[in-house]
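The sequence shown runs 1 to 387 under UniProt numbering.
No wet-lab data here; the hints were simulated from the structure. Where hints are given, some of them may not hold.
To be verified - Here are the in silico distance ranges between beta carbons for each label pair:
id, residue 1, residue 2, range
1, VAL255, ASP155, 21 to 29 Å
2, GLU38, SER67, 35 to 43 Å
3, ILE250, GLU125, 14 to 22 Å
4, ARG196, ARG162, 23 to 31 Å
If you're wondering where the values come from, they're calculated on a predicted model, not measured in any experiment. Cβ coordinates follow ideal geometry from the N, Cα and C atoms, glycine included.
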Amino acid sequence: RVLAQVSCELVPPKPNRPTEGILFFNLELSPMAAPGFEPGRQSELLVKLNRLIERCLRNSKCVDTESLCVIAGEKVWQIRLDLHLLNHDGNIIDAASIAGIVALCHFRRPDVSVQGEEVTVYTPEERDPVPLSIHHMPVCVSFAFFQQGTYLLVDPSECEERVMDGLLVIAMNKHREICTIQSSGGIMLVKDQVLRCSKITAVKVAEITELIQKALENDQKVRKEGGKFGFAESIPNQKITAFKMERAAIDTNNVEEQAEEIIAKADPPSEVFAKPILHTPGTAQIGEGIENSWGDLEESEREEAAEEEGEIEAAAFECQKMETEDTSTMSETKKDEPIVLSDSEEEEVVILEPQEVPKKTRTQTNSKQENTSKKAFNKRRKKKRAA
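Kindly produce the complete structure, drawing on both the sequences and the hints.
This is the structure:
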């Protein structure tokens, strides 16, 4: 059982669609519907249901969003549909889709008039509200599969949803147009199964659409006559606050005989009892399984620890070797020579101290050495010319 409420508001449009209105859908699962639902928490089921409702009602283009435009690029109507789950007895998506499309068909927005840049919103007393432009009415129909698709069930209950193997949801209108289809669960469906489900969906959707149209016509007729409608009619009859079902007679005469037949057909219980197997004191094994491997695990852990110790010792030996090489190279270098840094990656920070700039000294040569060098150069030059 789902309660649907529609509201509207004038807002600026989206930049990419300046001439279209905005549709917003929200489904809430409260603890009032089932104790397992937590308030204010988006579970996987809630996200899945919200996406299905958006695909069913928004992506199917059942509402004319262009008719919600007041001033292109400035003001459009935002239609918000809030769905509240009152009682969870299975098949939430079907009830939510029916409640949502009926609420959109039943909703009336205020009439507006535009004069220049001024927008006037009229109250229901001044002008009659305007209904939304609905192209078609998509309705979801759920199918539950059991034993890998051998058995098919329409409109599963909560208990049936817990034991089903897979779920197929088809949204369709009375014109036999499929609006959305989704399969969930670990089951593979054959083409014939999907076609069979689509044919059943067409029949169910036609029946539900006829009931919706009759309910809307009766509500409109009662409103014109001035009678009770809406909450005024539902609350005294406890249609919203209570969940009533008609009494059904159950035959319990042959219950014991049927139970005995079921027990006789069932396989007898096994008389073999598993005996515990004692491997070592303090451990035991019941049934067929893997033997205790705790001792092996301990040996493997010891081997790993020994390997880690060996790696640590090797790393420490390499560090000591690099340090000795660095000290030997530093001792060989002279004071005036630049410092040669090692290539080891372990020295991350190296502090370089400023060195004194050596003064430029000009080597003095003797005059005799200069004269002899000049004479030799001149002789070589003469020989080259003569050659």
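Verification of the supplied hints:
no. : hint                        : in the structure
1   : VAL255 - ASP155: 21 to 29 Å : 27 Å, holds
2   : GLU38 - SER67: 35 to 43 Å   : 39 Å, holds
3   : ILE250 - GLU125: 14 to 22 Å : 55 Å, violated
4   : ARG196 - ARG162: 23 to 31 Å : 24 Å, holds
Hint check: a violation occurs at hint 3 only; the rest are consistent with the structure.
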